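Put chain B on the given structure of chain A with help from the hints.
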Amino acid sequence: MTAKWSIPALVVAACVGYLIYSASGGTSEYYLTVSELRSHSGSGDVRVAGVVQTDVQKTDGGLHVTFTEKDATSSVPVDYTGTLPDIFKPGITVVAEGRLGTDGVFHARTLLAKCPSRFSTSPYTQ
Amino acid sequence: MILGFLGAGALLAALVMGGFSAVLSFWAGRQENPVMVQVGRRAFYAAAAMIVAAGGVLEWALLSHDFSLAYVTEHTDLSTPTALVVAGFYGGQEGSLLYWALVLGLLGSVSLVASASLGVRLAGYAAGLMAAILSFFLVVLVLVASPFDLLSITPPDGLGLNPVLRDGGMLIHPPVVLAGFASFAIPFCFAAAALLAGKPGSAWIAHTRRFALIAWSLQTTGLVLGMWWAYHVLGWGGYWGWDPVENVALMPWLATTAYLHSSMVQETRGRLRAWNFGLVILAFLLVVFGTFIVRSGVVPSVHTFAISAIGPWFLVFLFVCIVFSVVLLAARASVLGGGAEPVAPVSREGAFVLQNLLLIGVIAVVLWGTVLPLVSGMLGQQRVVGASYYERAAGPLFLLILALMAAGPLLPWRRAATLPSARALVWPGATALVVLAVLLVVGVRAIPALIALPLIAAVAGTCFTQYARLGRGWRRVPSVLTPASARRMRMFGRRRRRYGAYLAHLGLAVLVAGIAASHFWQQEKDVTLAPGQQVTVAGYSMTYTGSEQRQLSDHTELVALMRFGDATLEPARATYAGLGGQSLTHVAINTTPVADIYVVLAGVSADGSASFSVFVNPLVTWIWAGGAIIIFGVLLGNIGERAPAVEASLARVPAVQGI
Chain A
1 MTAKWSIPAL VVAACVGYLI YSASGGTSEY YLTVSELRSH SGSGDVRVAG
51 VVQTDVQKTD GGLHVTFTEK DATSSVPVDY TGTLPDIFKP GITVVAEGRL
101 GTDGVFHART LLAKCPSRFS TSPYTQ
Chain B
1001 MILGFLGAGA LLAALVMGGF SAVLSFWAGR QENPVMVQVG RRAFYAAAAM
1051 IVAAGGVLEW ALLSHDFSLA YVTEHTDLST PTALVVAGFY GGQEGSLLYW
1101 ALVLGLLGSV SLVASASLGV RLAGYAAGLM AAILSFFLVV LVLVASPFDL
1151 LSITPPDGLG LNPVLRDGGM LIHPPVVLAG FASFAIPFCF AAAALLAGKP
1201 GSAWIAHTRR FALIAWSLQT TGLVLGMWWA YHVLGWGGYW GWDPVENVAL
1251 MPWLATTAYL HSSMVQETRG RLRAWNFGLV ILAFLLVVFG TFIVRSGVVP
1301 SVHTFAISAI GPWFLVFLFV CIVFSVVLLA ARASVLGGGA EPVAPVSREG
1351 AFVLQNLLLI GVIAVVLWGT VLPLVSGMLG QQRVVGASYY ERAAGPLFLL
1401 ILALMAAGPL LPWRRAATLP SARALVWPGA TALVVLAVLL VVGVRAIPAL
1451 IALPLIAAVA GTCFTQYARL GRGWRRVPSV LTPASARRMR MFGRRRRRYG
1501 AYLAHLGLAV LVAGIAASHF WQQEKDVTLA PGQQVTVAGY SMTYTGSEQR
1551 QLSDHTELVA LMRFGDATLE PARATYAGLG GQSLTHVAIN TTPVADIYVV
1601 LAGVSADGSA SFSVFVNPLV TWIWAGGAII IFGVLLGNIG ERAPAVEASL
1651 ARVPAVQGI
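So the sequences go chain by chain: A and B. For the record, in the first sequence the residue sitting at position 83 is 83 according to our numbering, with numbers rising by one throughout. For the record, in the second sequence the residue sitting at position 408 is 1408 according to our numbering, with numbers rising by one throughout.
Simulated from the structure, these hints should not be mistaken for laboratory data. Here the structure is a predicted model, which means the values were calculated and not measured. Careful, some of the hints might be misleading.
Unchecked claim - Computed cross-link-like contacts, SDA-like style, restricted to lysine to any residue with a CA-CA straight-line distance of at most 20 Å:
id	chain 1	residue 1	chain 2	residue 2
1	A	K58	B	T1575
2	B	K1525	A	T81
3	A	K89	B	Y1576
4	A	K58	B	V1527
5	A	K89	B	T1575
6	A	K89	B	K1525
The following block holds chain A by itself, in its conformation from the complex:
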């Protein structure tokens, strides 16, 4: 390509850079363990990975659920409304997306379960 094209190329590159910068600044979330959640000070939604404990309480026909999410050192109560992932049960690892309320409960907006198979080509989502 000749020099003539370097200007459009630069314009596109600048636009793409700006789009990436503005979009990732506004929407990226911290990916934390339960212990990191306790010391995390930022605002906005975060994702927290941990293991579901045996205290799962389902109400409202299974649409509302509370449970404790735990990693090696700490735990947090989680509150979630919505359809649960198929494989949700005590002992599996879940990633809760939401924020820690002032009540000390993590209010999850979405709940992702990690697929237990060794290799799977299909996503379990929400």
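Just chain B now, with coordinates in the frame of chain A:
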């Protein structure tokens, strides 16, 4: 037991033949020794044959329930339906790698059969590179991830296939996606061989383009089938989640889309040679990178892959491929520069260049979103991005690409003295305005929707304009074949590819319309209903009538019955006895002409009331239809196509003679 030894032996033999083919082909290519190049090619065929044998052994072991093989035990059990036992071949890490090698061996053999005309040196290097890549997979299969590993004790029954994979989609989606991934290696081998041989002319383009088109078609089909599967099986109401696994399948597809367009500029104008090499190489590097990402577990994904020993191997392979490609492109930079006239910004080729830049931009967006957890994790606290990042960053780029799809085909080659004539723009412009007016009248005020849908309409309008021109051309063809009319028909034969491409554009417009409508206007409601109660979502009412338990061959189902007009929707939760009583949602979908009613059963309480997530997804069927139209267009335009007359087209463009 014996099958394990047979399979492992076949893989080892394939590795020996593959390695032999790689070394011999390179050497023979360098020496320009046609006999030895032929021998090297035949060694590649032999390696492919041994992989076929290994695949046959694995399939045999699966079908005969030979649980002495760890792979058979881990992915099937006695209750698995036969069709899914067959599919167990690619249902796990090791088997899917074997399947990959199988596709590369077979498609690679086909591509090498036709490569002799490209010259001894180029054919030798291409075979050598392909054999080297095949050998890498075979090394991994033999040393780290063998599907033929034996268990010390043969269990009486296997663990069974993951329930989520027990679906008809399992029979078609993974093999197509994996075949697409594997086939990106073939264009790469021919491009890199052309560079190595110092023959960056146009001969390789015709050959590479055909296999790039095969890879692209497979990947298109695989992506659409993957969306279809996610939508019908996973029960979250959507079809695309911007998960790393989806992203890495999308990126090589985008790069190859760019290549399929820019290669036309090289075919007709002899321009963009270096750029075309770069795109083919980029597509392959993205495939290797993606394979490393999804199979090593370095990026958090909802698909967890067990901490797998193959990660470091793919990392090294990726590193080698990147270094090789960069060095090769740099070393050949001098022969790549074309001294022909520059590309005018307002012209068909100008539109292609801009489209290429935008597609690279989308790749950059997707790549950054995919590796952000990795990069931020190294620098400090790990961060992740969700769907809204991709929508905000890639959305505007996609809109610009749509605009180019509407205007680009109307621009003439070389240079447009004026902008496309007003007459050409009438129909696309009119359709866009009509759609815009309709949207405004029905009360749509969301700016993205008001931009996207008229643009989609304009793309469709452009395609129809081109077909109308074709139709007028046909009317002039008289019933008696004169030399002039025969010439016109030959002209159409030559332009078949273009009209197939417009059909593919039209299919993409249909597909994007489905994505846009379901994205902008999806409605969702979570409800708990007692028997007899009714729920209304987006004007669609349905009544919950009760639930029942059903016993099927390998699972039990708790089915909720929901009356919707004359139809009964049966969302269910299935529980599989194997795998520790894992349960699985069975979504109920009722397709009406304008929207899908999509019902997921969350659970049934002791008092008989049931909880549901009800989605109304507009125009989702358009996505599947659009995918089918794209593939139909590609087949129509290219099947049975002879190698395009590169020399003839070059002869018409004096400026690029003598490449």
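Each hint, compared with the structure:
Between K58 of chain A and T1575 of chain B the alpha-carbon distance is near 18 Å, which keeps this suggested pair within the 20 Å criterion. Only pairs whose Cα atoms come within 20 Å are accepted, and K1525 of chain B paired with T81 of chain A is accepted, the gap being roughly 12 Å. Using a Cα cut-off of 20 Å, the hinted pair K89 of chain A and Y1576 of chain B holds, with the two alpha carbons roughly 14 Å apart. As the CA atoms of K58 of chain A and V1527 of chain B are separated by approximately 15 Å, the hinted pair is consistent with the 20 Å bound.
A hinted pair counts as satisfied when its Cα atoms are at most 20 Å apart, and K89 of chain A with T1575 of chain B qualifies at roughly 13 Å. For the proposed pair K89 of chain A and K1525 of chain B, the alpha carbon gap of about 24 Å is over 20 Å, so the pair is violated.
In summary, the one numbered hint that this structure violates is 6.
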